[in-house]
Amino acid sequence: MAVEGIGARALRKEDKRFITGKGRYTDDMVLPGMGHAAFVRSPHAHARVKGIDASAALAMPGVDAVLTGDQLVGDGIGNLICGWMIHSKDGSPMNMGGWRALEPEVVRHVGQAVAVVVADTPAQARDAADAVVVDYEELPAVVDAIEALAPGAPQIHPEAAGNLIFDWEIGDEAAVEAAFDNAAHVTRMEIRNNRLVPNPMEPRAALASYDDAEEHYTLYTTSQNPHVARLVLSAFYNVAPEHKLRVIAPDVGGGFGSKIYIYPEEMVCLWASKRVGRPVKWVSDRTEAFLTDAHGRDHRSEAELALDADNRITGLRVKTIANLGAYMSLFSSSVPTYLYATLLSGQYDIPAIHANVKTVYTNTTPVDAYRGAGRPEATYLLERLMETAAREVGLSPAEFRRRNFVRSFPHQTPVIMCYDAGDYDATLDAAMKAADYDGFAARKAEAASRGKLRGIGLSCYIEACGIAPSAAVGSLGAGVGLWESAEVRVNPVGTVEVLTGSHSHGQGHETTFAQLISERFGLDTDAVSIVHGDTDKVQFGMGTYGSRSGAVGMSAIVKALDKVEAKAKKIAAHLMEAAEGDIQIEGGELKVAGTDKKLTFTEVALAAYTAHNLPDGMEPGLKEGAFYDPTNFTFPAGTYVCEVEVDPETGKTEIVNFVAADDFGKVINPMIVEGQVHGGLVQGIGQALLENASYDENGQLLTASYMDYSMPRADDVPSFKLTTHETLCPGNPLGMKGCGEAGAIGSPPAVINAITDAIGSNDLAMPASPEKVWALYRSAMREAAE
Amino acid sequence: MSKVSMVLNGKPVAADVEDRTLLVSFIREVRGLTGTHVGCDTSQCGACVVHVDGKAVKSCTMLAAQADGAEVVTLEGLASGGALHPVQAAFKENHGLQCGFCTPGMIMSAVDMINRHGAGNLDETTIRHELEGNICRCTGYHNIVKAIKAASDQMAGMAQAAE
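If you're matching them up, the sequences are chains W and C in order. First residue of the first sequence? That's 1 in UniProt numbering, and the numbers climb one at a time after it. First residue of the second sequence? That's 1 in UniProt numbering, and the numbers climb one at a time after it.
Among the hints, a few may not be true.
DMTMM-like cross-link-like pairs, simulated, lysine to aspartate or glutamate; straight-line CA separation at most 20 angstroms [stated by the list, open to error]: (1) K537(W) / E624(W); (2) K16(W) / D526(W); (3) K22(W) / E76(C); (4) K244(W) / D536(W); (5) K55(C) / E132(C); (6) K721(W) / E124(C); (7) K666(W) / D629(W); (8) K623(W) / E580(W); (9) K146(C) / D715(W); (10) K274(W) / E215(W); (11) K16(W) / E93(C); (12) K92(C) / D524(W); (13) K146(C) / D716(W); (14) K149(C) / D562(W); (15) K92(C) / E510(W); (16) K149(C) / D716(W); (17) K16(W) / E76(C); (18) K274(W) / E242(W); (19) K319(W) / E147(W); (20) K92(C) / D526(W); (21) K559(W) / E519(W); (22) K319(W) / D144(W); (23) K433(W) / D423(W); (24) K652(W) / E132(C); (25) K22(W) / E93(C); (26) K11(C) / E76(C); (27) K22(W) / E29(C); (28) K721(W) / D436(W); (29) K274(W) / E510(W); (30) K623(W) / D562(W); (31) K89(W) / D172(W); (32) K569(W) / E519(W); (33) K721(W) / D123(C); (34) K652(W) / D715(W).
A short, non-exhaustive set of chain W residues, derived as facing chain C with CB atoms under 8 angstroms [claimed, not checked]: (35) L11; (36) R12; (37) G23; (38) Y25; (39) D28; (40) M201.
Bear in mind the hints are in silico, worked out from the structure with no lab data behind them. Where is the CB? At the ideal position from N, CA and C, for every residue including glycine.
Given only the sequences and the hints, what does the whole structure look like? Please build it.
Next comes the structure, spelled out in C-alpha cells:
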C-alpha cells in the first residue's frame, strides 16, 4: 500500500478477504453446541390465534423446544418499538398498536411469527416448525392504504381507529391556498411510489448465546448499527442490561436500511438461547426475507404545482397516504414525514408548500427506511411534477428548472430545511454536457428510422444527509440523538487503530477512514486499522444509514485526530526543545519548521508510552476520543439524465445512456463514491422498470422470491457516465455531504420522464413494465388517431 | 445417510451426510468452507456458484450426493500458491465488490465465463448476458462487468506471452 490521502482512488483494504472467501458473515459463525431456530409463521394476513399445538413437533428428532408468544410475554420481554413520535395536526400522538416478537393473539401479516422451534440442525428445526399446528380463525384483511382508510375496512389495531396512525401536516396551508388562487397555471398529478423490498444479498441472521455464570448474552447479527440494537434490546425489550449484552455485527452483506431495525427474530434468538441453554442460530431464507424484512416506499399522492405567468413556482400542495404495513417499525413514522415532506422544495425556490401525510396500517409487511427513505418519494413526486409542468407550459425541462433554481445560500425552505451550499446550475450543465443533450434530436430521429421511440428525461434531486443534529431531530420527535463517536488509538509502534461507531456493510470504511489518517500523519494506509461493529470494542455509535458515515462518522474521527495531533505536537516540541507552534507533521514525521530537526511519528508515539520525558503534567499515552454532533443536515444534490429507447412492438424499454452529475461536497475516495452511485442508480432503475412488491387482495405476497420479484440483473442496466461538481459543505470539518443514497433518489423520475417523453403519454406508474408501456403507447396512438 | 466423497479444492474429502444434504451445505457446514454463500434458496442469485468438474454450478441446486466422485472448486481454492487468480485481482483492481456477499459466485461465474468463451473474447454485452444468473445489489454491475472484461483481456495477454 502507500500513503493515500483525501482524494486518492485507493484500492480497498477489505477486499482481500472477500475475494478469497475469508469474509466472516453471521451465518459463518459457529459456536460449540449451538442449536438452530426455525419460525412458525402465519399463512394468513389477518387471523386470530386460537391455539398452538406443539406436541407433534416436540416429539420429533433433535427438537429442544417450541416457544410461543405467551412464554415470551410471560418472561417480561417488551413490545417492539417505533423510535420516532409523530403528532397529528390536531396535536394528538400517533396511534401505535402493540407488536410482539411472537404473536399470541392476532396475526396481522403473512409471515408473522407465532412460535419458534429450536433443534439440533436447521433441517430438524424446519421439519418441526412444519409440524406445529396453529389453529387460526381468519379475519378479513386489507392491503391497500386507501382501502384501509375507507369506512367499514377491517380494523387492524384497536389503538388506531379506522387504521389511521397519524394525520400530519407541514407548511403554511393558507399561503399555499393563496398561491393557487392566483396561479397562472396549475399542474396536477396523481403519483404512486411503488412498494419495494430492499433485498441485501445477505439475508438477515442471528447467533445468540447466553453465559449463565456471568448472566451475559452475546449476539452476532446482521446489523447496520449494533450499538443501537443493544440499546433497544436492553432499554425497551428488557432482554438484558447493556453491560450484560454484547452485540457484534461482523461482515454484513449489504443493508440499504433494512438492517437498521431490531426485528423479532434476533430478539427471539437471544431470549431462546437462555431458555434452551444453548447458543441459537437463525438464518433467514429469501422468502422469509421478503415476508419480514421491512419494505420501502408505498406512497399514494396527489400533487399540485402553482405557477405564475413567468412560469415561476408559487406554490406546491401535496397530499400523501403512506402505507406503513401491519406494525410501526423502528423509524417508520419519520420516513414519510421529516425525511420526506421536508425535501419537497427540491432544488427550487418555492415560496409556499403544504403537505398533508396520513399513515395507515394494512395487513402487509411493515414499511420503513429503504435506501433514500422518504427522499426518493419526495424527489419522484417533485421531478415528475416539474417535467410534466414544463411540458404543459411549453418550456424545455431544463429551462423550466433553471428558472426556479435556488441560487443564494443559505436558503430557508418553507419546510424546515435550510440549504447551506450548492450550485444546481453547475450539476445541470455538467449532466447535459456529458449526456450530449443538444444532440438528442438527431439521435431521436435516427432511432425513429429503426422503428424505436427515443426519449430523454431529467431529474434534479436534492437530499438531506448527515443525519442528524441531535437537538433538531429530538425536537421533531426522535427518540435518540444522531451524533457519532470515534476513538483514535496510536500504538507505541506508531500504528493507528480507529474505533468508529459507523458500520461498514459494503461502503469501504476500512479504506476511506484509513485515508483520513494517511492524509493527516503521512502514514501508509497499511499502518491503520479500522475497528467497528462490536459493542465490546467500540464504546458507542449510532451506526450507518442516511449517508451519514462520511459527514458525521468521519467528522468524529477528525475531531479525535485533532486531539491526537495536538498532543503529539506537544510531545515533539518538548523533545526537540521547540515551540509547539513550530511543529509541522509531514510524511510521517514531526518537524520543527525552518530547521532540520525532526522525529518520526513512531518515535513520538513511543515517547508517549515510555513516558520517560513528557511535558510537565502530561498523561502518558496517545489515544483520544470524540463525539461529533452535526450542526445541520448536509444537502447533496445533482442532475441525472436518462435516455431510453422503447420498442413500440413490445413495450420494452432499454436505457441507452445514463448520466449522473453529483455534488457530494468533498470526496475522499472517488472510486468508492462512484461505486455507491452505480449501486444506487441500479436500485432506482430497478424501482422504475422492474421491482414491485405485489399483494393479492387477501394479503398474500405474490412476489416472495426471486422467481417473482424482479431484481435488476446485469443485462437490465447500462454502464453509467458519472461526473461530480464539488461545493463544500460548510457544516462539517471536511466539507462532506454524503453519497450513499443519491443514485436511488435521483434516478426513478429520470427514467419515467424519459419513457413518457419517448411514448408521448404521461400517465405511467412504476414499475414501467413492457406491458404497461406498450398499453399506454397504444392507447395514446389510438387517441391521437381519433 | 450416504457416504459422499469428492476432491474439494484439490484435497480428497469424505463424510456421511443425510441424503437431502445440499452440496452448499456440505461445503459450508460439513467442510467449514464459508466462502460459498447462500442468498436465495431458489437458484436465482448465484452467490453459491462453485465449479464441479470444471463447470460452474449453483451449489444450492445440487445434492452433495450428486457430487460424489467429482472434483469441486470453491472460491477458497481459486488462488494458487498465494497468488490471486487474475479474476480475483481484477475484482479488487476495478472495485467490483462492495459488501462481498455475491462476490464468491460472481468470481466463480466469471472464471467459468472466460474459460468457455476463451480469454480475450468477452465484450460488455456478452458479459452482461452471461451474468444473468448472478445478482448483485451493491455495485450496479458496472464495475463487475469492467473487472471481468479486464481479467479476460489480461488472461489473453498472459496466454499470448506464454506462447
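Tested hints:
no., hint, result
1, K537(W) / E624(W), "holds, 15 angstroms"
2, K16(W) / D526(W), "holds, 13 angstroms"
3, K22(W) / E76(C), "holds, 8 angstroms"
4, K244(W) / D536(W), "holds, 10 angstroms"
5, K55(C) / E132(C), "holds, 16 angstroms"
6, K721(W) / E124(C), "holds, 15 angstroms"
7, K666(W) / D629(W), "holds, 19 angstroms"
8, K623(W) / E580(W), "holds, 19 angstroms"
9, K146(C) / D715(W), "holds, 14 angstroms"
10, K274(W) / E215(W), "holds, 9 angstroms"
11, K16(W) / E93(C), "holds, 11 angstroms"
12, K92(C) / D524(W), "holds, 19 angstroms"
13, K146(C) / D716(W), "holds, 16 angstroms"
14, K149(C) / D562(W), "violated, 43 angstroms"
15, K92(C) / E510(W), "holds, 14 angstroms"
16, K149(C) / D716(W), "holds, 18 angstroms"
17, K16(W) / E76(C), "holds, 12 angstroms"
18, K274(W) / E242(W), "holds, 16 angstroms"
19, K319(W) / E147(W), "holds, 16 angstroms"
20, K92(C) / D526(W), "holds, 16 angstroms"
21, K559(W) / E519(W), "holds, 14 angstroms"
22, K319(W) / D144(W), "holds, 16 angstroms"
23, K433(W) / D423(W), "holds, 16 angstroms"
24, K652(W) / E132(C), "holds, 17 angstroms"
25, K22(W) / E93(C), "holds, 18 angstroms"
26, K11(C) / E76(C), "holds, 12 angstroms"
27, K22(W) / E29(C), "holds, 15 angstroms"
28, K721(W) / D436(W), "holds, 11 angstroms"
29, K274(W) / E510(W), "violated, 35 angstroms"
30, K623(W) / D562(W), "holds, 11 angstroms"
31, K89(W) / D172(W), "holds, 12 angstroms"
32, K569(W) / E519(W), "holds, 16 angstroms"
33, K721(W) / D123(C), "holds, 18 angstroms"
34, K652(W) / D715(W), "holds, 13 angstroms"
35, L11, "holds, 6 angstroms"
36, R12, "holds, 7 angstroms"
37, G23, "holds, 5 angstroms"
38, Y25, "holds, 7 angstroms"
39, D28, "holds, 4 angstroms"
40, M201, "holds, 4 angstroms"
The structure shown violates the earlier hints numbered 14, 29.
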